[in-house]
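I would like the entire structure built from these sequences, with the hints used as guidance.
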Amino acid sequence: MGRTYKVGPSGSFGARYGTVARKRYSTIITSLRSAHECPQCHISAVKRLSVGVWLCRRCGYKFAGGAYTPRTKLGEIAERASRAGVASSMLAELKAQKARQTEAEIKAKAPRKRRRAVSKKLAEATPAPAAAPAPNQTADNVSSEDKPA
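Heads up, the sequence shown stops at 149 in the numbering used here, and the numbers go up one at a time, no gaps.
Errors might be hidden in some of the hints.
To be verified - Under the rule of at most 30 Å between Cα atoms (straight-line distance), these lysine-lysine pairs were calculated in the DSSO-like manner:
{"hint": "1", "residue 1": "Lys-23", "residue 2": "Lys-47"}
{"hint": "2", "residue 1": "Lys-109", "residue 2": "Lys-95"}
{"hint": "3", "residue 1": "Lys-47", "residue 2": "Lys-73"}
{"hint": "4", "residue 1": "Lys-73", "residue 2": "Lys-98"}
{"hint": "5", "residue 1": "Lys-62", "residue 2": "Lys-73"}
{"hint": "6", "residue 1": "Lys-109", "residue 2": "Lys-98"}
{"hint": "7", "residue 1": "Lys-62", "residue 2": "Lys-6"}
Hint data in this document are derived by calculation from the structure and do not stem from the laboratory.
The following block contains the structure:
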């Protein structure tokens with residue numbers, strides 16, 4: 001086994017800088033070098049390019065994150081808060097849009113009432129049906145003018 005089994009990456013410091021500083025350095029560097037999950041393809045292939053810039057080696061997605069980890073606790077809290085704010089306003093907007101859409105569908109389905117003037121003109125334009133003989137009249141009583149040809 002190597003000499004740095006217990007101390008990890010801070011073994012290169014030797015006995016210098018104190019235990020607290022070496023432990024902090026060790027936790028930061030181990031989290032930095034570990035594989036992280038890509039937010040787009042969800043594969044553990046994200047590596048740091050520079051401070052705050054991260055790149056997925058599988059899908060090529062480049063994004064901003066923390067200095068030592070792609071997602072910081074403060075960033076997660078901010079994301080949750082913004083998602084909750086956006087979700088509530090988005091939900092209200094979707095409800096309003098759906099109400100407008102159903103109202104438009106109801107208007108489209110409802111038959112429109114014609115104006116009285118229009119219906120009178122239509123009644124005048126259509127010919128009246130031929131009058132049928134009264135029930136007390138017989139075929140003999142009907143004059144030759146009323147008989148159909």
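Right, here's what the structure says about each hint:
At roughly 22 Å between alpha-carbon atoms, Lys-23 and Lys-47 fall within 30 Å of each other, so this suggested pair holds. Between the alpha carbons of Lys-109 and Lys-95 the distance comes to roughly 21 Å, so the proposed pair stays at or under 30 Å and holds. At most 30 Å may separate the alpha-carbon atoms for a hinted pair to count; Lys-47 and Lys-73 meet this at roughly 18 Å. Note on Lys-73 and Lys-98: the hinted pairing is violated, with a Cα-Cα distance of about 37 Å set against a maximum of 30 Å.
Taking the CA atoms of Lys-62 and Lys-73, the gap is near 20 Å; set against the 30 Å cutoff, the hint holds. A threshold of 30 Å between alpha carbons decides the hint, and for Lys-109 with Lys-98 the separation of about 17 Å falls inside it, so the pair holds. Note on Lys-62 and Lys-6: the hinted pairing is violated, with a Cα-Cα distance of about 34 Å set against a maximum of 30 Å.
Checked against the numbered hints listed earlier, the structure breaks hints 4, 7; every other hint is satisfied.
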